[in-house]
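Number of protein chains: 4
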Amino acid sequence: MSSVALSLTARAPGPAELAPVRVAVVGLGYWVPNLVRNLEECAAADLVAVCDKRDDALAKVARRTGASVRTTTSLASVLADDGIEAVAIATPVSTHHPIAAAALEAGKHVFVEKPLAGSTASARELARRAAARGRVLMPGHTFLYSPPVNRIRALLAQGELGEVYFISMSRVNLGLHQPDASVAWDLGPHDFSILRYWLGETPRYVAATCRSCVLPSVPDVAFITLEYDSGVICHVELSWLAPSKLRRTSIVGSRKMLLYDDTSNEPVRVFDSGVNLKDPETFGEYRMTYRSGDIVSPHVPATEPLLLEMADFCEAIRLGREPRSSAALGIEVVRMIEAVDRSLANDGARIDLAAPAEPAGPVAEPQARAA
Amino acid sequence: MSSVALSLTARAPGPAELAPVRVAVVGLGYWVPNLVRNLEECAAADLVAVCDKRDDALAKVARRTGASVRTTTSLASVLADDGIEAVAIATPVSTHHPIAAAALEAGKHVFVEKPLAGSTASARELARRAAARGRVLMPGHTFLYSPPVNRIRALLAQGELGEVYFISMSRVNLGLHQPDASVAWDLGPHDFSILRYWLGETPRYVAATCRSCVLPSVPDVAFITLEYDSGVICHVELSWLAPSKLRRTSIVGSRKMLLYDDTSNEPVRVFDSGVNLKDPETFGEYRMTYRSGDIVSPHVPATEPLLLEMADFCEAIRLGREPRSSAALGIEVVRMIEAVDRSLANDGARIDLAAPAEPAGPVAEPQARAA
Amino acid sequence: MSSVALSLTARAPGPAELAPVRVAVVGLGYWVPNLVRNLEECAAADLVAVCDKRDDALAKVARRTGASVRTTTSLASVLADDGIEAVAIATPVSTHHPIAAAALEAGKHVFVEKPLAGSTASARELARRAAARGRVLMPGHTFLYSPPVNRIRALLAQGELGEVYFISMSRVNLGLHQPDASVAWDLGPHDFSILRYWLGETPRYVAATCRSCVLPSVPDVAFITLEYDSGVICHVELSWLAPSKLRRTSIVGSRKMLLYDDTSNEPVRVFDSGVNLKDPETFGEYRMTYRSGDIVSPHVPATEPLLLEMADFCEAIRLGREPRSSAALGIEVVRMIEAVDRSLANDGARIDLAAPAEPAGPVAEPQARAA
Amino acid sequence: MSSVALSLTARAPGPAELAPVRVAVVGLGYWVPNLVRNLEECAAADLVAVCDKRDDALAKVARRTGASVRTTTSLASVLADDGIEAVAIATPVSTHHPIAAAALEAGKHVFVEKPLAGSTASARELARRAAARGRVLMPGHTFLYSPPVNRIRALLAQGELGEVYFISMSRVNLGLHQPDASVAWDLGPHDFSILRYWLGETPRYVAATCRSCVLPSVPDVAFITLEYDSGVICHVELSWLAPSKLRRTSIVGSRKMLLYDDTSNEPVRVFDSGVNLKDPETFGEYRMTYRSGDIVSPHVPATEPLLLEMADFCEAIRLGREPRSSAALGIEVVRMIEAVDRSLANDGARIDLAAPAEPAGPVAEPQARAA
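Going down the list, the protein sequences come from chains A, B, C and D.
Just so we're on the same page, my numbering is the position in the first sequence counted from 1, plus 65.
Just so we're on the same page, my numbering is the position in the second sequence counted from 1, plus 65.
Just so we're on the same page, my numbering is the position in the third sequence counted from 1, plus 65.
Just so we're on the same page, my numbering is the position in the fourth sequence counted from 1, plus 65.
Incorrect hints may appear among the rest.
Same chains, same label: a pair holds when it works inside one copy or across any pair of copies.
Said to hold, decoys possible - Computed list of lysine to any residue pairs in SDA-like fashion (alpha-carbon distance at most 20 Å, straight line): (1) 310 / 337; (2) 125 / 101; (3) 125 / 108; (4) 118 / 157; (5) 125 / 102; (6) 343 / 240.
Derived by calculation from the structure, the hints in this document are not laboratory data.
With the hints as constraints, model all of the structure from the sequences given.
Structure follows, in structure tokens:
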């Protein structure tokens, strides 16, 4: 994965020598202006069409895009267009699977907003289909392209923090409630994808305590505990209800500790603090001292993650390789969210992710989940 | 309880008209200098003796106390001294019960460092004994005398926040590991007593995920989830391992939200923010808007909580009433900590505090707990 | 001015019933994309042309503007175009006067980037010309449209702070050095216009200590002291060299105090703190006590100032009235900057702004100033 | 001076092999409890007596000091006592000279609260007297013993910041007004002594703008500008009126920049930021780029400065050397404060400290200054 990082860093927004990938955007949610802008700025991509059912949404986008970008309300026409190599899907989660499946069938490469699909089964089905067709399937886990997240991943990989003891994450602010998805489906993919990327493993156990405070049956606060086979434990607090925005992650390791705050001018802070433990000297006696050294905020470049993500998508298509935000990673994220739902449905019970997968029946698509 | 608050506020450090209570301090831990200083400053108390097994600890205290304070290594002589009306016990948790029981038997009023005892059974036994003897038994839940905590309690009581949805608490810093107790027994009493005091109820369910990072079998990080019959859910993060000290509590209510940080110059911040929800207009359609108004940091006086606590102890003795930090509250706190231990022993299972009490057997004293 | 505030608040981005003003932008500096975007979003304005000498700058802008916006390298053609009612000038300061003068002569209304002109004499000449022609001349003091600045102005007008004792302002960050202007000409207009707007008076005395740290003869740090006839004293620290960005203004009044930080989520914080002074009781004895009450961060809407500014420009044109950022205010700001230069040229001497104006000779245009 | 630093670090609180210096404290202001406590903790000192005119102040101190500390209302008896080697004077500034002079005449070594004396003439007279008598005369510039201040001094000495361009200091909070001294005499000694210690030079020019906001003729806010022959310029803002406490110093150098905040958990923050300037390539063209690297908060030990200061005082006496906070430095600080007064008396004029000293006449003692 480091070679990807290198090529992204060295050549972003994209390898000039490769022909730009002709992309259509399908579905125009509130976040699409960013997607469109970055596709236009990315040298490796060529935005050729945008597609949505709503004429007014199309008209709005048209005002900001070049004249060469076609607008259409017909998904079928996009999929039938041989001039379009890839689609970027930004529709509600419940439609990810049918649209992505149709696009893959039509031979398109597919970028799909996070989470990859509304169930592990659907996500796996898409991955199988993409593999069979030889097409790139990439979930939009944009934080995997965030410079602070990557800086931290490098610190972890170099053993700078020592053994990771535990991680505590808070992602809370006021709004926006999603009418058809829980806070775990909305915000969880961010933290879950970051954890998977940093730790390289999926938690063994997941337990969650949630409450539907404002809307009935739409959990808007979640306290989620994750336990890993490696011994790491994590807590993730997610909420659409909070007095002030908080994006705070602390990582405690045996050598150093770290704070990550995506909203800060100093997003990564490394604390040379810890416990020095001497071997027991007498029966049952331990001697420990606390150590507080320098605190360093490493400089992290301010490159826009979405631009790097689009470049990786295009490069993966042209070079025939996996994108950093791979379908495999996207499946693991969906498994984690599903485990939250299962814990919630079982009074907060600890779900064992290594247990044999239950039959697909009980795992419904997101809209059912919020009912 | 509001009458207590009033008299404490109006007449602290103590009602001058009542004769000072003659107090002995038993056990000289690291926190005792504060206790001694406040007993000396409290007009309602008269510190007459300090007792510890260690001569050097006594010598150290003697340097800071007036000449009239007797030092002794004999607990028996303290308990036999009719000139001593009350003892303040600051010994390790495992000795709380035997020393407090002996003191009550000797007819002394008892203040005991938090937690009240090492098990619910022991705590209840002490409470029964105090009631039978007509003596005050008071656990040292000092935060119940903290001005910010009381300001928040008043805001909650007045309905200023509306219905409380959830509470998230973090109490982390680097150190100090306790050799014979988990982080839940060491730091948990603070947050659990505050929650009991604010909400007036004990959680129905407790679940905990812990890890013993530094010392084997001494959990030094705990993620604890509490669920209340009223619907409130809480998360409490406790740790002796943290990159920077954090004392952060957020309370989210239906009308307003609040942040409490005991280390800040503005310990209480009230956010006039929330969600306005209109009734469903069409089938299944909810309409909500977010509201962000003023943020207020109410002025909170800087009175030292321990001084108010000592005054309440003395006044409770003289007036024959319950102290705010009552034995009953102390028992509930121990029940909550025990539930954390039980959850921990059962792989993080959700413990039902309303279930019939299990036999006393498996609940051992704290030293066993850390074994 | 309060009526302006009301109409801006109530009807921004502009009164729909008035025909949009047809505007051309002249000069494409780094800040122009914001200007163009806001002109396009402002219902009261109709962006019809952009003009710059550089073809590449024009091409870049063209990509982001609608097809109806004409680009041209000929200022003369813009001024000769009867379809253009107003020009917004965003060229270097030294060209403000000739271009604005030509535009006024051509009968255009003129918005000109701050500062209004490179000398008081030039600024006055433009104002006279605009008055003679019956055209609006508006310097771009955007902070006069900033919601926090207006909230503070209202607090001052209502006497909420009592008598203003002093104001301390810091506006520092790393970069951007201007090659042909000092930091006082670059950043000073922000603070000077805010002070003029808040206090309604021009300082009587100005003294400045500066240093040209990086480039010879281009002062990049300035400590400026202002004294007002009302007794208010101010200090303004300006710098392009700073370890971290700081936008901090404190206002100390006899009743309350206030902090203003444009970069904060809570841009205005009002402190109910002060000194209570009793009359002297004995010869020469004063008794004072300090008071610390609540701290309030009033909610301030996040409307973009530049949009309100464009709306005010257009409304002033259509309704034939002064804009809030008037030429008269712009002249006062230039007088203050000139006084900084004069103090600098006289070893930091205190300049009396009420003294008879020196002959125009020594006051050169900005490029000379930095020489 | 680095050898002093070493010995202080290595052997604080004092060289055990030297006999403790027998010290009496004269004058019991609000700050004396700290002085007494540190003298008692300092192994190099032996507190033998405290002296004050007020019996109640003596009684209060007696409660906290060991039985061996004598209390007296007679300064004469202290000075006549051959068992007393040194006095620490903590009386109002106007009495520094007479008491210190009498103590030196009696053969005592003298520590005197900052500032050294109420005028440069008085300060110099004391220094001459101490030199003639072979006694240590040490002003209490405690910040010279502050670990963060020394860390910064080392960074400056090592050239870590490059050439110092400018320094900006703010020392403001609400209170405490001094009835007989301006804010410059009260707070100025802190910043002026720090600057003298860091830069090793006295400013060439001093200019000040002040206002007496609350009490007539007692300036409680001061904006002070300092210019050094080396080119460094400084601004110092002092005030007893401020919405929130601020202790903020920024140092901008050609290589790095630094923030110092004595109230922060991270008192020193070093910013690897700056401007890279290439030589002019064409006529008058400069090319510069901005550089933002890591930010480091070096670990600074939390040793109490006053303890180190007392140890230095005693060691200077025993070893017959200058203390770090020397009389010479104390004189320079008084010269700087006097220059503030002179600027104030001359409408903020820039005072040239290198100009021949004016006759002693006009420079009155502090009480006159505030009249």
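The hints, checked one at a time:
no. : hint      : verdict
1   : 310 / 337 : between (27 Å within a copy, 14 Å between copies)
2   : 125 / 101 : both (12 Å within a copy, 18 Å between copies)
3   : 125 / 108 : between (24 Å within a copy, 16 Å between copies)
4   : 118 / 157 : within (13 Å within a copy, 47 Å between copies)
5   : 125 / 102 : both (13 Å within a copy, 15 Å between copies)
6   : 343 / 240 : between (48 Å within a copy, 16 Å between copies)
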